[in-house]
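Undergrad: Here are the chains, one letter per residue:
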Amino acid sequence: MDFSDSPEEATFRSDARSWLDANATLRDGSEKAQDHFMARDADEVARARDWQARKAEAGWAGLTWPRAFGGRDATPIEQVIWNQEEGRYAVPPNAFLIGIGLVGPTVMMHGTEAQKAAVLPRALTGEDIWCQLFSEPAAGSDLAGIRTRARRDGDDWVISGQKVWTSGAHYSSHGILLARTDPQVPKHKGLTMFLVDMSDPAIETRPIRQISGGASFNEVFIDDLRVPDSARLGGESEGWKVALTTLMNERFSISVGRASGGARAEELIALATRVERNGRPAIEDGEVRSRIADFVARQRGLEFTSYRVMTSLSRGEAPGEESSIGKLLLGKLRQEMGAFGMELAGTAAGISVKAGDDTARWRNEYLTAPGNRIAGGSDEIQRTIIGERILGLPPDIRVDKSAPFSEL
Amino acid sequence: MDFSDSPEEATFRSDARSWLDANATLRDGSEKAQDHFMARDADEVARARDWQARKAEAGWAGLTWPRAFGGRDATPIEQVIWNQEEGRYAVPPNAFLIGIGLVGPTVMMHGTEAQKAAVLPRALTGEDIWCQLFSEPAAGSDLAGIRTRARRDGDDWVISGQKVWTSGAHYSSHGILLARTDPQVPKHKGLTMFLVDMSDPAIETRPIRQISGGASFNEVFIDDLRVPDSARLGGESEGWKVALTTLMNERFSISVGRASGGARAEELIALATRVERNGRPAIEDGEVRSRIADFVARQRGLEFTSYRVMTSLSRGEAPGEESSIGKLLLGKLRQEMGAFGMELAGTAAGISVKAGDDTARWRNEYLTAPGNRIAGGSDEIQRTIIGERILGLPPDIRVDKSAPFSEL
Amino acid sequence: MNFGFSEEQDTIRETLARMLGDHATLKSAHNRLDGADGFDTATWSVLADGGWLGLAISEAEGGAGMGAVELAILAEEIGRSLAAVPYLPALCMAVPALQSAGTQDQRTSLLPGIAKGRTIIATALAEGGGLAPDTVSAKVVQDRLSGQKAPVTFGAEATHALVAATDEEGTPRLYLADLSGSGVTIGALDPIDRTRPAARIDFDNAPVELLPGSDPAAIRRLLDGAAVLAAFEQIGLAERALALTTDYAGERHAFGRAIGGFQAVKHRLADMFAKIELARSNAFFGAWALASGDSRLPEAAAVARLTALDAVQFATEESIQLHGGIGFTWAADPHLFLRRGWQLKAELGTAAIWRERLLGHLATPLRAAS
Amino acid sequence: MNFGFSEEQDTIRETLARMLGDHATLKSAHNRLDGADGFDTATWSVLADGGWLGLAISEAEGGAGMGAVELAILAEEIGRSLAAVPYLPALCMAVPALQSAGTQDQRTSLLPGIAKGRTIIATALAEGGGLAPDTVSAKVVQDRLSGQKAPVTFGAEATHALVAATDEEGTPRLYLADLSGSGVTIGALDPIDRTRPAARIDFDNAPVELLPGSDPAAIRRLLDGAAVLAAFEQIGLAERALALTTDYAGERHAFGRAIGGFQAVKHRLADMFAKIELARSNAFFGAWALASGDSRLPEAAAVARLTALDAVQFATEESIQLHGGIGFTWAADPHLFLRRGWQLKAELGTAAIWRERLLGHLATPLRAAS
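Chains as they are written, first to last, in UniProt numbering: chain A, 1 to 408; chain B, 1 to 408; chain C, 1 to 370; chain D, 1 to 370.
Just chain A, with the same shape it has in the complex (with noise of 0.2 Å):
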């Protein structure tokens, strides 16, 4: 066990250390909390498709693309030392994710070569910004129930229907759908994926508020959008599996992406030095203890966790069995961690009594954290692809596999 770098991650690190020295500046702890990838406004996606340009110009952009396609053939992990790297700097958020971790993989497998060759030089460059129209209201955990439903007229594709959770619509250029084409087969068999363009008036994107106040997600409404064929990828009634591609890199994105955010199970130790609880200092008391090195612990397993990703990745490997655990406990602690850091302020949990108390912070980790139960995948789809692909568990009855969709 050896937590440096192989000579060839060594060497990898330092050239990208020296072209990030070169380009941006340090963080020095006074830049405003960001989110990793979404943009908040136009002037953070026009700073942000700068700094992809850069990058692309200089060869850090699709670091995992083939070279053929203006990417670097880099290793995952050295995608994973280029996140690390990247992160230390004060550089715009990366819009570019879906782009060139999702549609790009998947153009690159199912598409035309014109469709290469109009998608892919363009997600590189930061040029086109791709958002994912996968999810739909009555289609979360079970993707594959969508209705959208696109027809054939003629030479063209009409599409209708409304897809939900869609990140960054709003200021994407562009979007990879996945459509119902035949509700005559069974559900998995009758769909279609197609690359649309998010600037055509017959898509809406409005945007969701979250329980947190926020709004990183989007609804986006599509009344009778019309595409050409070109805009087809993949067969037709391929949908599915060219969606397979996409959920697939999807996970190996997030495996190699930066750390969640979220508070550290320390703030806490230090929130609990500041106040009182039952009239003594909180820390002297035994169940916030108890509390506190419970949330440590299963912090630090998360951490460790994402290090035995990497020595998979390191290794030339898929990352391995542990990598699936990340995703189901990551939520719960942080709704628990929220909910103590809201209980040790006392009587006014959840109500900020003094300016610049931490009841803000917490109050607002808290209400985030039901979102990483629930976005990209359940806790309870979690525990059930942990028990059916790694335990080998029977699977669920379903009733729904060979019916035609319209019979559902």
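There could be a bad hint or two in this list.
Claimed, not checked - Taking CB as the label site, the calculated pair distances span:
1) B/Leu244 / C/Asp10: 29 to 35 Å
2) B/Pro186 / A/Ser402: 20 to 26 Å
3) D/Gly170 / B/Arg361: 33 to 39 Å
4) B/Pro137 / A/Leu244: 53 to 59 Å
5) A/Ala90 / B/Gly279: 45 to 51 Å
6) C/Arg296 / D/Gly183: 53 to 59 Å
7) C/Gly67 / B/Leu244: 39 to 45 Å
8) C/Gly50 / B/Arg315: 25 to 31 Å
9) A/Gly392 / B/Pro186: 27 to 33 Å
10) A/Ser402 / B/Pro137: 32 to 38 Å
11) C/Arg296 / D/Leu26: 49 to 55 Å
Derived by calculation from the structure, the hints in this document are not laboratory data. The beta carbon of each residue, even a glycine, is placed where N, CA and C say it ideally should be.
Using the hints, position chains B, C and D against chain A.
TA: Same frame as chain A, but now just chains B, C and D:
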């Protein structure tokens, strides 16, 4: 809201107390801990029989049975009051609970006149002791999955198979036995109920040792037991319906029965006051206080829940929805309290270091509790019952309801 | 044995449920979250007109002369409807305080107005963290109060406040302050539940009147009674959260089935149910102890509050979870209940406080820091 | 980044797994529970013959010269097999103590015998509740030890004991006692896990030898290392409990299906898996910190132990639960794992102790009682 008896209830209580005063002595705390309904040895069985005979003679046995069968036509709340009052006296365990509470009502509803005459009087006086031969190794939560076969042979039936979890089988004179008589129909349809003589040499009883070291249950092996058709209780292939009568009465017996034993949460306060944690009296540790307060609150909740059940009975209503939660919550509470009691003993959790310390008590509590979470309907079955019967959620998908048992 | 409600009480519940269901809708709660007035004066008027605000005030003083069990029923229905009304501070705390510790004059001058809905008395016991009588730094000298109280629920909407402050001997007592009087500055706080507006009140030599019967023991009794009644409000809201999640699980389909048919969902809902019923059993005992003046009230109040806090948090968090994506959107209902649950935690103190109150009775109090 | 095992280490694991699987069967564990000898001398001999007992002893002192990571692998496989051998006290505590705090003479005279399996050193740190160096009342005066130690795992089977006792200045130190010497009385205790026999040892002026390098800090380091290695043993046993429950859930049918297809069962097993993998990640970091001498060892040891304790308790309790009726019978396997889990908790202290060790590093230590 009022905890006092109604005038009728008060009269009943006073009558019961007068008779008990004249026929038994009050507990003085020196009695050995004993199970409320399991006799431990032949001597205890003999004393239990004697006590039952005296109760029967005076009209205090089979309280809720109709007078026509020697009962008192008592209301459920009167049964509760009797149980409360009898519980104050040093009397032998009630080994007749199954006979009077379960078998009697089932025979009254489904038996022939000859069966009623043969079974009821002797069950009432304690001459016969009954056990319930339902569960099998492959039929626990899924009771209808039983495999014990009863085959017609002329006018007789020949029964072979294995039963398990049979309380009191080793001292019972008779058993009510569910067997499969037709494997060619769906599982619930091919069952028939029989009344059997436990002294038949074709029946062998072996105690099952539990992880706590105790043995309250038995395995019962039945090897070509021959019974006449007059031993059949209810129609051929009507066994499931007959069994449901028994099970309904079992639930009722439990809801009016004496509260389950087990440790009181307050005992943990006493323990925590005696032992140290991290160099201080454990009772001063916030986590210890927090855990104990939680245990007290949950245990009180279960106790007061039983008051709600009694209120329904007192009003002549069936126990309401609240009665279903006790079974679900009790086992886990006992398991947690047992574990915590062991941990309070410090490093030596689970090892009795000093004679007379509390380790053995809490270890026994901890090792007994898993049985509470499983026997009589596991936690998981209870949750399904609450979800489906109380909350009205859709049933689990059943693949076994219509296929012939032989093809499952 | 009678550990349930009478037919008259069941009728009261039905009437209230209908009335609150009509007036205090979830839609109106959403509007308040989005900036509408945090106090639902319309519902408060309806309650006043129906005579509900004087439920536990004697007939001589303008009320209906009922008791704690009826107050508990009202509390549960308020919880179920999430009505944005100052029920808990005004009716479950201020009224009993006046009744048990006030003068005849104070009662006569205030109780009729409360029953009519004209007088609203907020309760100012907290000072950031901790609860009176254990944590009080506001002081009264010569009938003048100085100090800061926060959070005070409905502090900006109330006409009066019942304030915990120390008297000239340093003993915590309760005082009545006219909030329109001099020396009172009220600032809005940002509560997690905007249907329960909260304020900070600064008193600077504000004239106040002592409730002569109030001493630390009386304040504790007051909190015990309030905790029991709040437990009913908590149970009402948790049960509504369970009900709407059960409905959703029966309607929402995934993988070709209603999601309530999946054990992961079904068993979670069963766990919610079990926690709520456990809390209800404790709350019943608390209501009985409160109504009958039983000496076990402190213990009963603590266990009622502890199990209610647990039931509410579990039910509301898992209500969001089982709603899936829709559950964590602002426009959906589940977070309304989560917010009210936290607000009720804030108003009377977290489990940490009530565990100590329980153990203080069963075992020894925690030793003070040396 | 290399946070896993090398190929050589994987080979060691496979060899050990095969060997222990052949010799330390669950059937033999059942026999011990039913009264057979609690020490599996046959497996101990096989380990000695294979050179495994000297794994982390230098080649010069009769061992194989490997390190902490290899010890961790052995620990995990011991846990998985439930082998009834004094691995933890003798190899993970006594050997490192001799190596770090013993004299050259002590090492030369004892380590080769340990590697050969002839010398077995028990570790006597506990005195009922609490762990050395924080709780020590045994005393050494002029090289003579008096006091009582309990529980001492394999105390009755060991040739020597490493005993925590205070020196003449009152400082906790470690001493080596020959258990066949004078002044030593050994009594059997009743452990929850009879495959892990425990004893009480009374020392009455028993001659002992100081490990000169031992001081309170050294004792703490020793415990940290042992906690990391024990975490691997805990993970091994939890994983075996998960595996046998997963197998059972795949075979056992109810309602016409393997019960592992029901989400109530499937999701519980997934939770077991997640807790075990979380503990494993912490244990990996602990092993690295132990092997590399990293200063974060105390923190790493504490988090490894805390998550391992949690994973073991959850996995073993739910293993019994998911086995249904058969699960709480004596003859079934699940309780073997539950018992070993508690035994490992007893040997190195409960979560309460390790939470304080963790917070002592991250925050302030808990103030002593005044």
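Undergrad: Please go over all the hints and tell whether each is borne out by the structure.
TA: Do the hints match the structure? See the list:
In this structure the hint that B/Leu244 and C/Asp10 lie 29 to 35 Å apart at CB holds, the actual value being about 32 Å. For B/Pro186 paired with A/Ser402, a C-beta distance near 24 Å keeps the hint of 20 to 26 Å intact. Hint check: D/Gly170 to B/Arg361, Cβ distance near 36 Å, so the stated range 33 to 39 Å holds. Between B/Pro137 and A/Leu244 the beta carbons are some 43 Å apart, a value that contradicts the proposed interval 53 to 59 Å.
Between A/Ala90 and B/Gly279 the CB atoms are about 48 Å apart, so this pair conforms to the stated range of 45 to 51 Å. Remark: the range hint 53 to 59 Å for C/Arg296 to D/Gly183 is upheld by a beta-carbon distance near 56 Å. Distance hint check: the CB atoms of C/Gly67 and B/Leu244 are about 44 Å apart, consistent with the given range 39 to 45 Å. Hint check: C/Gly50 to B/Arg315, Cβ distance near 29 Å, so the stated range 25 to 31 Å holds.
A hinted range of 27 to 33 Å for the beta carbons of A/Gly392 and B/Pro186 is consistent with their spacing of about 30 Å. At roughly 35 Å, the beta-carbon separation of A/Ser402 and B/Pro137 lies within the given 32 to 38 Å, and the hint holds. Between C/Arg296 and D/Leu26 the beta carbons are some 51 Å apart, a value that agrees with the proposed interval 49 to 55 Å.
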